[in-house]
Amino acid sequence: MKKLKILTNGLLKENPVLVLVLGTCPTLAMSVSVINAIAMGLAATAVLICSNAVISLLRKIIPDTVRIPCYIVVIAGFVTLVQMLMEAYLPDLYEMLGVYLALIVVNCIILGRAEMFANKHNVLESALDGLGMGIGFTLALIAMATVREVLGNASFAGMKIGFLQNFRIPILTAPPGGFLVFGILIALVAYLTRGKAPQRKSFDCEGCPSAAFCRKEQGACGIANETEAK
Amino acid sequence: MTTFKLMVKIIMTSVLVNNYVLSKFLGICPFLGVSKKIDQASGMGIAVIFVMLLATAATWPIQTYLLDPNGMGYLQTIVFILVIAALVQFVEIVLKKYLPSLHKSLGVYLPLITTNCAVLGVTINNITDGYNFLQSMVSSLGCGLGFLLAMVIFAGVRERMEEADPPKAFRGIPITLAAASIVSMAFYGFGGIVTSLFGE
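In the order they appear, the protein sequences are chains A and B. Numbered by this note's numbering, the letters in the first sequence go through residues 1 to 230 in order. Numbered by this note's numbering, the letters in the second sequence go through residues 1 to 200 in order.
Incomplete in silico selection of chain A near chain B, CB under 7 angstroms: (1) Thr-24; (2) Val-99; (3) Pro-175; (4) Phe-179; (5) Ala-190.
Rather than coming from a laboratory, the hints here were simulated on the basis of the structure. For glycine and all other residues, C-beta sits at the position ideal for the given N, C-alpha and C.
Work the whole structure out from these sequences, hints included.
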């Protein structure tokens with residue numbers, strides 16, 4: 001029962017994109033079409049499951065002071081694996097994802113889960129958390145891509161929708177539309193949950209996975225909070 | 001095309017048309033997180049330009065003279081992220097020791113930049129676009145300037161926006177994203193400028 005809860009946590013209650021608002025860069029860039037969204041989501045999910053499991057295995061070996069660089073090396077290793085597999089077996093998708101595939105390394109969802117979950121839980125739980133978070137990420141991406149592709153390009157996963165052809169809103173597939181649709185989706189979640197979900201309220205350091213690291217180093221978070229207090 | 005003209009073209013492209021934040025969606029976290037005040041935004045922007053130039057100066061030779069001749073191009077992602085992380089830490093230590101005043105104004109932003117996708121993105125893009133060393137440096141400078149420009153404009157918009165009163169569900173993140181969308185729309189207007197100035 002507890003295992004099931006870990007798995008479903010990432011789907012709705014702590015959805016990484018719409019509630020925790022992490023990993024904004026790939027969400028905005030890869031939600032132009034549903035196919036892109038699925039490919040990005042699955043690639044990130046694969047990396048997330050593997051890195052969570054390995055980091056959980058190594059959690060007692062990695063010294064606390066150098067844990068962030070260690071996590072980054074593990075994540076970068078799995079990203080390289082996914083890159084090579086995709087280049088070999090799915091060259092079209094590899095071309096389409098382009099630089100964003102390599103940038104999974106710096107996706108804050110993955111580093112965030114390593115820091116917040118995998119270094120405190122056992123291997124099975126961590127892998128399940130990775131799976132749940134990955135599916136949550138993929139579903140949110142698909143939801144956003146559906147809005148943008150159907151309204152902006154009058155198609156769904158490449159199939160044309162006839163009756164919408166004359167009512168396209170091309171700006172939605174362009175960059176400004178990405179910001180707008182993302183904002184409206186987050187507002188919709190806030191409205192539907194009536195502010196009861198533990199939704200991230202602003203882009204300040206609360207909820208940022210590297211916040212603890214930055215604060216310790218007296219980083220930008222400290223400065224931002226100081227000026228806030230004044 | 002003369003070298004100078006090509007450099008101007010690369011800078012114009014990366015500042016206005018392919019702006020890293022507003023049209024390629026790289027570096028969104030600092031763009032939205034550190035843009036509440038104009039002085040913080042410009043500090044962050046300058047730190048990013050600085051790190052982008054350093055990172056390119058370090059990663060381009062590594063890829064060209066170390067990885068490619070030995071057939072290890074596939075190690076690009078791992079090597080680049082490690083080089084950038086080590087470089088940022090190193091720069092922070094050096095600044096702290098020898099230039100404390102500069103460290104005070106820039107150093108605070110450095111830990112945030114280590115995992116900034118704009119920096120990793122620009123180093124990888126320079127390789128995939130096939131730029132030589134000089135072109136890579138110019139392209140990094142352009143991307144950094146574009147980042148600074150977007151940050152400062154957006155900080156100005158947000159300072160005005162604080163007095164606005166959006167509906168409850170839109171408060172916080174959603175209204176910030178809507179504002180970003182409008183700023184991005186302004187940059188979207190630059191679309192054809194480079195082809196009309198320089199030709200294909």
